[in-house]
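Kindly produce the complete structure, drawing on both the sequences and the hints.
Protein chains in written order, with the numbering used here: chain A, 3 to 121; chain B, 361 to 599; chain C, 57 to 551.
Be aware that one or more of the hints could be misleading.
[Said to hold, decoys possible] In silico DSS-like links for lysine-lysine, alpha-carbon gap of 27 Å or less:
| id | chain 1 | residue 1 | chain 2 | residue 2 |
| --- | --- | --- | --- | --- |
| 1 | A | LYS34 | C | LYS207 |
| 2 | A | LYS117 | C | LYS525 |
| 3 | A | LYS117 | A | LYS34 |
| 4 | B | LYS593 | C | LYS215 |
| 5 | A | LYS29 | A | LYS115 |
These are computed hints drawn from the structure, not numbers from a lab.
Just so it is clear, the structure is predicted and the values come from calculations on it, not from any experiment.
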Amino acid sequence: MRFLYEYAHYAGCFALVFIGLYIVLVKHNLIKVIIGIGLIDTGVNLFLVTTGYIRAGTAPVFSRLAEKPEQMVDPVPQALVLTAIVIGVSVLALALSLAIRLYGRYGTLDLRKIKELKW
Amino acid sequence: MRKLISLVLLLVVAVGIGMSLSGGPFGAEGERDGPHFRRDQVNFGRYYVHEGVQETGAVNIVSSVVVGYRGLDTLGEVTVLFIAATGLGMVLHLRAAGRVEDGREPASLVLFTGCRFLFPLILLFGTYVFVHGHLTPGGGFQGGAVIASAFLLVYLGCRERRLNERALGVTESVSGVVFVVVGLIGLAFCGAFLLDFLPRGTAYLLFSAGIIPVLYLAIGFKVGSELGAIIDKLAERAK
Amino acid sequence: MVSPILLIAVPLGLAFAVLLVGFISRKLVKYVPVLAMAFNLVVSLLLLPRALTEPIIVRTGSWGPPFSIHLVAGPLGLLLASLVALIGLMVAVYGTDYIREGATRMYHVLYILLLTGATGIVLTGDIFNLFVFFEILCISSYALVAYRGDKAGIESAAKYLIQGAIGSSLALIGIGLLYGMFGTLSMADIARNISSVSPLTVFASMAFLVTGFGVEAAIFPLNAWLPDAHSSAPSSISAILSGIAIKAGIYTVARVLFTLYGAESVLLFVAILGLVTLLIGEMSAFSQNNIKRLLAYSSIGQVGLIVFALGMASVTGVTGALFLIVSHCLAKSVLFLSAGYMIHRTGSMEISSLDGMGQRMPLSSLCFTVGAFSLIGLPPFIGFAGKFTVIQAAVEQAGSFFTVLMAIALVGTVIEGAYFFRIVQRLYFKPQSQGSPGETKGRQEAPVSALIPIVVLAVMIVATGVYPKLLSMVLKPAATDLLNKADYIRHVLGG
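Here you go:
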């Protein structure tokens with residue numbers, strides 16, 4: 003029980019990751035697979051930020067009002083997630099452009115039908 | 361069949377993650393409350409939060425981490441976005457040339473005027489976000505994304521307007537070169553790439569924090585123009 | 057003031073500036089990659105002697121390790137960086153003429169960035185930075201595979217992208233688990249802390265990291281993307297993917313397993329996995345009719361052999377693996393580059409269209425043969441030294457289990473010999489079958505810009521094969537660099 007209480011906030015991130023993984027493994031429509039990749043990226047970024055969380059913490063920005071470094075959440079995962087979000091966006095943009103060209107060439111987005119390359 | 365295998369696989373992975381999370385203190389929260397809180401161990405978060413303002417001069421600790429302590433990562437990130445924009449341009453390059461307007465109705469007067477009115481305000485907000493990146497939450501990437509959303513608004517609202525592709529390309533290249541050159545200046549004169557060679561100044565002022573505002577300027581322009589180029593390429597209708 | 061950071065910063069700056077160069081003159085654009093890679097080659101060779109004794113630690117930003125990102129340019133890193141620069145330079149020269157139609161400027165930009173990503177991977181000492189450079193490598197390769205814009209290219213690029221994106225996300229989960237546990241991202245620091253935690257706790261993060269990075273390294277269950285991607289890309293990119301991208305993946309997996317985790321117990325599993333990869337790769341290559349797919353499956357086979365050699369975890373074993381890496385880079389590049397113009401000439405990728413190429417393109421066929429023989433492991437070539445070292449390492453291992461495994465690996469080599477000999481026989485001894493319409497008859501070699509790299513690489517294969525001592529002087533310290541975790545930590549963190 004204590005395990006669930008302490009780690010409940012990680013459950014959400016991993017739920018997103020698993021839903022995304024399930025979509026990528028099982029669905030055939032290319033756009034759905036790309037959405038699945040986006041979900042996995044979102045889930046992983048959320049997980050990274052959550053590792054830095056402190057209960058009742060504040061943002062790691064000093065201002066003239068609040069100057070207590072002990073109450074601040076960890077700034078490093080936030081920097082990592084900045085990078086990871088940009089990388090995720092780049093992969094999605096490239097994937098969508100490939101989907102546009104695939105649709106133009108094959109006329110369908112069903113991955114089971116896009117099998118020009120044989121063994 | 362495939363569904364069953366995927367579910368079993370995911371279950372195994374979930375059990376593995378659970379095992380990993382429960383062994384010992386995990387995350388910043390665990391670090392704080394757990395009995396294993398060791399002061400002598402290296403811990404990035406605590407170190408940056410305590411020493412950050414004094415070492416980099418930036419009040420926003422995330423900015424000092426992103427540009428100061430981990431500047432090479434940010435250079436890599438900017439490069440990834442550049443690769444995406446270039447790759448997208450390359451993949452969509454060979455589509456039938458010529459933009460065929462296929463009879464979309466032109467925007468109504470209210471929409472058109474509203475978008476034209478909002479466009480400079482959004483640009484202003486985006487610029488504010490990245491210029492003040494070292495003082496308030498924000499920074500180059502966030503500001504650049506807001507600027508790109510202004511371009512998207514113009515595409516969606518005022519439908520016949522187009523961006524000047526050449527200008528976008530030049531802005532992209534020049535900002536990228538500026539970033540690398542600033543780093544190399546640090547290498548040439550002070551011994552380490554991306555060294556902070558401008559004066560730190562006093563905290564909370566606009567002109568403080570060494571090279572962080574300069575780099576954020578370059579990043580803001582680069583990200584804004586790159587995302588704008590991606591939107592431009594994707595919005596071309598081809599037949 | 058020569059510092060390893062220049063190996064990353066200067067090509068990056070040049071890649072950003074390509075557009076501006078294009079405004080000055082269209083023609084100059086294709087020489088920018090040549091310039092960047094030549095610079096890298098010179099700098100890495102200059103730094104190599106210094107790094108053989110003690111790795112060069114470079115800090116970026118104003119603070120030292122572990123609080124800032126630092127580069128660890130040891131003998132292994134600089135060896136791989138010089139290899140990347142050499143192959144990059146040769147293929148860039150080849151590409152000045154081979155890439156003629158399409159979005160050429162973008163090709164050259166992405167090309168430089170791919171190589172910068174690979175250089176960054178082997179030089180960095182921080183795990184998230186490793187991930188960022190890994191992504192630079194992967195995303196440029198997704199875009200470059202789709203360069204031709206034909207049906208096969210776009211389909212392979214899409215499938216490669218999907219598998220690669222999942223792999224990267226898994227690796228990122230692994231990095232997140234490590235950061236949550238230890239609060240630090242510097243590889244030396246994590247290595248120091250891992251020994252104080254029970255292995256079961258870190259097993260999940262190791263599994264995620266190895267699976268994530270293993271997609272790019274093309275280890276057995278994760279290499280479904282490879283045959284399609286390598287055969288549908290333009291030949292210069294196939295050479296780079298087979299030669300460099302896979303090696304960067306293998307380096308990452310090796311660094312994670314040896315330096316971060318020091319995982320002695322997992323290595324047997326890794327060796328067996330390598331063996332399975334080898335057998336599957338070679339057997340699939342044997343039944344292929346398409347020359348580029350054959351070469352792609354052969355790459356899978358060689359990766360299996362390299363992973364098997366790494367799994368032996370002794371100095372001789374890792375030296376053998378590094379020998380194989382160098383030999384495979386050189387040989388596979390020669391094979392893909394010479395096949396590139398042969399395919400361009402006949403317009404078809406079938407092996408039957410290569411009949412009689414020995415008369416029509418003599419120099420290319422000769423270099424192709426040199427590459428093929430080196431891969432099989434025949435004596436005067438570098439492949440022989442590599443395979444011999446691996447056999448030596450297997451024999452040194454206590455117990456006969458490894459000798460049995462080695463025997464199975466040799467079966468793979470025999471199959472490889474069979475299909476390569478078949479091709480060489482067709483090149484030289486079969487008369488030309490009815491040529492494709494519009495093809496010029498008689499002798500017509502590939503253009504000079506293609507011949508220079510092919511001949512240089514072939515000469516290097518012969519030279520390093522005849523004098524392997526030159527290379528083993530560098531490879532032995534590189535192998536100890538990879539294996540010796542305590543020394544790595546000591547050099548970076550000091551004492």
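Evaluated hints:
1. Annotation: proposed proximity of A:LYS34 to C:LYS207 holds, straight-line Cα distance about 21 Å (limit 27 Å).
2. Among the hinted pairs, A:LYS117 with C:LYS525 is inconsistent with the structure: their alpha-carbon atoms are about 48 Å apart, more than 27 Å.
3. Of the pairs offered as hints, the one joining A:LYS117 and A:LYS34 holds, with about 18 Å between alpha carbons and a cut-off of 27 Å not exceeded.
4. The hinted pair formed by B:LYS593 and C:LYS215 meets the criterion: a straight-line CA distance of about 23 Å does not exceed 27 Å.
5. Taking the CA atoms of A:LYS29 and A:LYS115, the gap is about 13 Å. The hint holds against a cut of 27 Å.
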